[in-house]
Each structure stands twice: as C-alpha cells, then as structure tokens.
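K.L.:
Sequences listed follow chains A and B, in order. Per the numbering used here: the first sequence = residues 1 to 112. Per the numbering used here: the second sequence = residues 113 to 224.
No lab work stands behind these hints, which were simulated from the structure alone. You may find that some hints are simply not true.
Claimed, not checked - Below, simulated PhoX-like cross-link-like pairs (lysine-lysine); rule was C-alpha separation at most 25 angstroms, straight line:
#1 41/A <-> 216/B
#2 40/A <-> 216/B
#3 163/B <-> 182/B
#4 36/A <-> 22/A
#5 216/B <-> 163/B
#6 182/B <-> 41/A
#7 216/B <-> 36/A
#8 18/A <-> 36/A
#9 40/A <-> 182/B
Given next are the chains, with one letter for each unit.
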Amino acid sequence: ETGVTQTPRHLVMGMTNKKSLKCEQHLGHNAMYWYKQSAKKPLELMFVYSLEERVENNSVPSRFSPECPNSSHLFLHLHTLQPEDSALYLCASSQEVSRGYTFGSGTRLTVV
Amino acid sequence: GQQLNQSPQSMFIQEGEDVSMNCTSSSIFNTWLWYKQDPGEGPVLLIALYKAGELTSNGRLTAQFGITRKDSFLNISASIPSDVGIYFCAGLWGGGADGLTFGKGTHLIIQP
C-alpha cells in the first residue's frame with residue numbers, strides 16, 4: 001500500500017467506449033498528477049492539479065479529460081480512444097515536489 | 113523542456129555483482145531523485161539528493177549528486193534477485209513549476 005490507490009488495475013476498452021480511471025490519496029498531499037507510461041519512453045506528464053486547480057495539460061488530446069473534485073480524488077475520463085493510447089496510466093501525489101511524488105500502482109489500459 | 117539521458121538502457125548481471133547507472137543533463141538540476149519500479153507496480157522513491165556533491169546511501173544503494181549539478185549516479189552493491197526492476201532518475205529544475213523530469217529508465221535483469 002503506497003498511500004495512492006488506483007482503480008481499476010486493468011482495463012480493456014473498445015475505441016467507442018467511455019470509461020473512467022480513478023485515483024485516491026489520503027496522504028494530505030496538495031497536488032495530484034496523471035502520467036502515461038509507454039514502453040521505452042520516459043514517463044509523460046499529462047495533467048497536474050494543485051489545490052484542485054489544473055495547472056498543466058501538456059497538449060494532451062481531448063479524448064482524455066481529467067477531473068479533480070477534491071484534494072483526495074482524481075479521475076481521468078476516457079472516450080473514443082485509439083490503440084496507441086494503450087499504456088500504463090499512473091497517478092501520483094505530492095506535498096512538496098522536491099520531496100518527490102508518491103505513485104499509485106497504475107491502471108494497465110488496453111484499447112482494442 | 114528539460115531532458116535527462118539515463119544509461120544504460122538495460123543491464124544483464126549475475127547475482128552478487130555490483131551495479132552502476134547514471135543520468136546526465138545539459139541543464140542544471142536542483143534536486144535529483146531515484147525511483148525503482150517493480151513489474152506491474154508504480155515507481156517507488158529510493159533516494160533523494162539536494163546538494164551538489166551529496167552522497168547518500170539507503171542500504172545497499174548509494175547515489176550521488178554530481179558536482180556540476182548536471183548528473184547523478186546510482187550504485188547497487190551485491191545485487192540480489194529482488195533488485196530486478198526498472199530504475200528511474202528524476203530531476204527538479206528551477207522553481208519546480210514544471211514538476212519532475214524523468215529519465216527513460218534502466219532495466220535491471222539478474223541472472224541467478
């Protein structure tokens with residue numbers, strides 16, 4: 001248990017489906033992040049929320065839509081994804097960036 | 113954005129051997145972090161470095177913040193099977209508004 005919980009752990013979805021990834025942290029951190037991890041690539045920052053406000057979106061396609069209803073919860077809504085969106089999606093939280101992030105275990109997403 | 117060059121990309125070693133990996137950048141970083149990711153899990157923070165020249169140990173792991181502030185290395189002594197995984201360096205640049213920059217990872221494989 002890392003303190004950051006992601007559900008589901010695995011997700012298979014068709015290109016026309018709509019699904020959501022959920023992340024929850026009870027560490028009292030004030031920032032939460034979505035990262036995409038693909039094989040042989042660096043971790044790609046997708047979204048940052050600090051104090052529940054989005055501060056970064058890094059030109060992510062609009063088929064990915066984040067939501068941060070409070071400081072403990074973060075969602076990533078998915079719709080009309082492409083096969084190349086298949087990856088491990090990691091959620092992380094931090095209180096002070098210099099102390100590093102606490103990552104969740106990730107959601108392994110497969111788009112068919 | 114900032115980029116980190118992490119090497120080697122992968123290592124195949126015998127159990128009991130020492131391991132060394134490093135990260136370099138063309139830019140100065142204020143903080144260096146080293147993470148380990150086990151298969152099917154999210155990255156876990158191993159060591160954090162905050163000062164040029166700093167040498168920090170965590171059990172069999174030792175990491176150093178380069179004098180030029182543009183590099184860092186991680187050593188693992190007397191490797192054991194549970195050391196298998198992907199090791200990531202991460203750096204914090206400037207005021208931290210852009211969050212952490214991650215290397216592509218070093219995949220460590222240990223042959224018994």
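K.L.:
Would you pick out the hints that fail for this structure and give their numbers low to high?
P.N.:
none
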